[in-house]
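Could you put the whole structure together from the sequences, leaning on the hints where they help?
Read top to bottom, the protein sequences are chains A and B.
The letter at position 168 of the first sequence is residue 496 when you use this note's numbering, and the numbering goes up by one with no holes.
The letter at position 228 of the second sequence is residue 556 when you use this note's numbering, and the numbering goes up by one with no holes.
Errors might be hidden in some of the hints.
Which copy is meant is left open, so a pair is good if it fits within one copy or across any two.
[As the list claims (entries may be wrong)] 16 angstroms max Cα-Cα, derived EDC-like pairs, lysine to aspartate or glutamate:
(1) Lys603 with Asp499
(2) Lys621 with Glu571
(3) Lys596 with Glu498
(4) Lys596 with Glu606
(5) Lys603 with Asp470
(6) Lys458 with Glu481
(7) Lys603 with Asp477
Hints in this document: simulated from the structure, not taken from any laboratory.
2 protein chains.
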Amino acid sequence: MKAGGYRRSTKGGLAASALILLLALGPQRAPADEVTWRKVDPANLAFMELREGQVVIELNPVFAPKTVKQFRQLVQDRFYDGLSFYRVIDGFVAQGGDGSDLGELSEVPLIDAEFELDWSADLPFTSAQKRDLFAPETGFADGFAVARDPDKEKIWLTHCPGVVAMARNEDADSSRTDFYIVIGQAPRYLDRNMNVFGRVVHGMEVVQAFHRGAPGNDGIIRDETAASRIRTIRLGSDIPDEERPDVYIMDTGSKGFEDLLRDRRNRKQRFFHHKPPEVLDVCQVPMAGRLTK
Amino acid sequence: MKAGGYRRSTKGGLAASALILLLALGPQRAPADEVTWRKVDPANLAFMELREGQVVIELNPVFAPKTVKQFRQLVQDRFYDGLSFYRVIDGFVAQGGDGSDLGELSEVPLIDAEFELDWSADLPFTSAQKRDLFAPETGFADGFAVARDPDKEKIWLTHCPGVVAMARNEDADSSRTDFYIVIGQAPRYLDRNMNVFGRVVHGMEVVQAFHRGAPGNDGIIRDETAASRIRTIRLGSDIPDEERPDVYIMDTGSKGFEDLLRDRRNRKQRFFHHKPPEVLDVCQVPMAGRLTK
Chain A
329 MKAGGYRRST
339 KGGLAASALI
349 LLLALGPQRA
359 PADEVTWRKV
369 DPANLAFMEL
379 REGQVVIELN
389 PVFAPKTVKQ
399 FRQLVQDRFY
409 DGLSFYRVID
419 GFVAQGGDGS
429 DLGELSEVPL
439 IDAEFELDWS
449 ADLPFTSAQK
459 RDLFAPETGF
469 ADGFAVARDP
479 DKEKIWLTHC
489 PGVVAMARNE
499 DADSSRTDFY
509 IVIGQAPRYL
519 DRNMNVFGRV
529 VHGMEVVQAF
539 HRGAPGNDGI
549 IRDETAASRI
559 RTIRLGSDIP
569 DEERPDVYIM
579 DTGSKGFEDL
589 LRDRRNRKQR
599 FFHHKPPEVL
609 DVCQVPMAGR
619 LTK
Chain B
329 MKAGGYRRST
339 KGGLAASALI
349 LLLALGPQRA
359 PADEVTWRKV
369 DPANLAFMEL
379 REGQVVIELN
389 PVFAPKTVKQ
399 FRQLVQDRFY
409 DGLSFYRVID
419 GFVAQGGDGS
429 DLGELSEVPL
439 IDAEFELDWS
449 ADLPFTSAQK
459 RDLFAPETGF
469 ADGFAVARDP
479 DKEKIWLTHC
489 PGVVAMARNE
499 DADSSRTDFY
509 IVIGQAPRYL
519 DRNMNVFGRV
529 VHGMEVVQAF
539 HRGAPGNDGI
549 IRDETAASRI
559 RTIRLGSDIP
569 DEERPDVYIM
579 DTGSKGFEDL
589 LRDRRNRKQR
599 FFHHKPPEVL
609 DVCQVPMAGR
619 LTK
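Next comes the structure, spelled out in C-alpha cells:
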C-alpha cells in the first residue's frame with residue numbers, strides 16, 4: 329500500500345454492511361411466511377447431472393404437451409447421457425444435444441410447433457405488467473413467466489433466463505432433440521417462435537458455469553473435451569421417492585405472490601432516492617425453486 | 329437404449345445444423361466488416377485477475393468522474409488485491425470488496441452520488457428504443473447502454489448485465505470501495521440510484537462462474553475459502569504496452585452499428601414464423617469487446 333493511499337479497514341464491517349444493503353435493495357426472494365409454495369409433480373421434473381453440478385428442470389406439459397412427451401421419451405431412452413452443450417454463447421443460450429437436428433441425420437421424430445396456446449379462462453394467470461415492451465400483458469401461470477395478447481386470445485411462455493426450449497431449423501415443425509437454456513438477458517424476440525417446454529428451477533449457477541464457445545465461432549465449441557457434458561438426465565417420476573429431492577416453487581396464484589409483485593413494482597424503501605418507474609419486467613422476478621431432502 | 333426408443337444419430341450433423349440455427353437466430357454479433365471498432369483508452373481499462381480467469385472492465389469517467397477517480401486510486405493502492413466477491417446472488421449481482429461500507433469502519437473517503445448527468449448535445453447518443461418500459465428512451469453512448477429523459481434533460485447508464493457499480497448504504501453519497509457486477513436480467517429499477525462507473529467488456533463468462541452465496545442468506549458467502557477472490561486489479565495505463573492487450577469495442581456512433589440495431593429491431597429472417605415486435609431491449613444487444621495480442 330502506497331503512502332497516502334487508502335487504508336483498508338478490518339473485515340468487521342461485512343455482516344452489518346451487507347445487511348444494510350440487503351434491506352436497502354429489498355428482498356430478492358419473498359419471505360417464506362408471505363408466499364405459499366407448491367410442490368412440483370415429480371413427473372414434471374428432470375434432474376440433469378453434470379461435472380459442474382446438478383440442474384433441475386420443471387417441464388410444462390400444459391403449454392408444450394408434445395414437446396414434453398418427446399423429451400420424456402428421450403430422457404427415458406438415455407438419449408442425452410454423454411452428450412454435451414456444444415453451443416454456448418455467453419449472455420444468450422447454452423444448447424445441448426447431439427447436433428443432429430437436420431432431418432436426414434436422425435431417426436427421432438420431429439415435433440410440431442407449440443409456440444403459443446389459445447387463451448382459456450381455465451389457465452391460471454397473475455398479471456405482472458400491462459403494455460410490456462414485447463407484449464400487451466405479462467404475468468405468471470403456475471410458476472412460469474408468460475405473456476398474453478387478450479385481443480388475439482393467445483398466451484405463451486416468455487424467453488426469460490432459465491427457460492428451456494427446443495432448438496429447431498427454419499421450419500416451424502423442425503424441433504427434435506436438441507434444446508437450449510437461456511443464460512442471459514431475456515431474448516424475448518424469440519417468443520412465440522420456439523417450443524418452450526420448461527425452466528430451470530434449481531442450479532442456474534451450474535448452467536452459468538458451463539464452458540463457453542468462442543464468440544467468433546458463434547458459440548460452437550470445437551474442442552469436445554472442453555464442453556460441459558451431460559452425465560445423465562432422469563425424470564423425477566423415475567427416481568425412487570426416498571432418493572428424490574422434493575422441489576417447491578412459489579405459488580404464483582397466491583395472495584402472497586401478488587403482494588410480492590406489488591412490492592417490487594412500487595418500491596418504497598428510503599434507499600431509492602430516485603423512485604423507480606412503477607413497472608415490472610416479468611423476467612426480472614426471481615423465481616428459483618427450493619429443494620428439500 | 330431401450331428397444332423402440334429413439335436412436336441417436338451420428339455426430340455428423342453438428343456443423344450443418346448449428347450453422348442453420350446460427351443463420352436463423354440471426355447474428356448475435358455484428359459482422360466485422362459492417363461495424364467499426366474503437367480502441368479503448370488504456371487509462372479506462374481495469375484488468376482483474378482471479379482463479380476463474382481474467383475480467384476486463386471499461387471505466388466511464390464521463391458519467392462517473394469521481395467514482396472512477398476513487399476506483400483508480402484504490403486499484404493503484406492495491407486495495408482490492410486478495411479481497412473476495414462476498415455477496416453473489418445468481419441472476420442478480422456479484423459484489424466484491426472488503427465489506428467495510430459502514431462509515432465507522434473505513435478510512436476511505438465517501439463518494440458523492442453520480443446517478444445521472446444533465447443532457448448535453450456533446451454526449452454521443454444512438455437511439456435504441458423510444459418508450460422503453462423503464463425510460464422515455466434508451467440508446468448507446470460510446471459503447472455504454474444508456475437511457476434518457478428528454479423532458480427532464482437527464483441521461484444515465486442503465487443496469488444491464490455486465491454493468492459495474494458501487495455498492496452503497498441508504499445515503500445517496502455513501503459509496504466508497506465495494507462494487508458489484510450485474511450477472512442477471514437487468515435490474516433496471518436500480519437505474520438513477522447507483523454510481524454506475526463501468527462495464528465488463530471481456531470475461532463475463534468468468535464472472536458467471538463465480539461462487540454463489542446461498543439464496544437464504546441473500547447471497548452472502550459465509551465460507552471465505554469458497555469465495556471467488558481477486559488476485560489483482562491493474563489499470564491498463566499501469567501495464568507496459570507490450571504486455572497489455574488492446575481492447576476494442578463497437579463504435580456505437582457508426583453507421584454500421586445503427587444498421588445492426590435496425591436489423592435486430594426488424595427481423596426479417598424466415599426463421600421467424602411469428603414476426604417479433606419491432607422493439608429493442610437495450611440490455612439485450614450483445615456488446616462484448618474484443619481483445620487482441
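Tested hints:
| no. | hint | verdict |
| --- | --- | --- |
| 1 | Lys603 with Asp499 | between (46 angstroms within a copy, 14 angstroms between copies) |
| 2 | Lys621 with Glu571 | within (8 angstroms within a copy, 51 angstroms between copies) |
| 3 | Lys596 with Glu498 | between (47 angstroms within a copy, 13 angstroms between copies) |
| 4 | Lys596 with Glu606 | within (11 angstroms within a copy, 33 angstroms between copies) |
| 5 | Lys603 with Asp470 | neither (30 angstroms within a copy, 27 angstroms between copies) |
| 6 | Lys458 with Glu481 | within (15 angstroms within a copy, 27 angstroms between copies) |
| 7 | Lys603 with Asp477 | between (29 angstroms within a copy, 14 angstroms between copies) |
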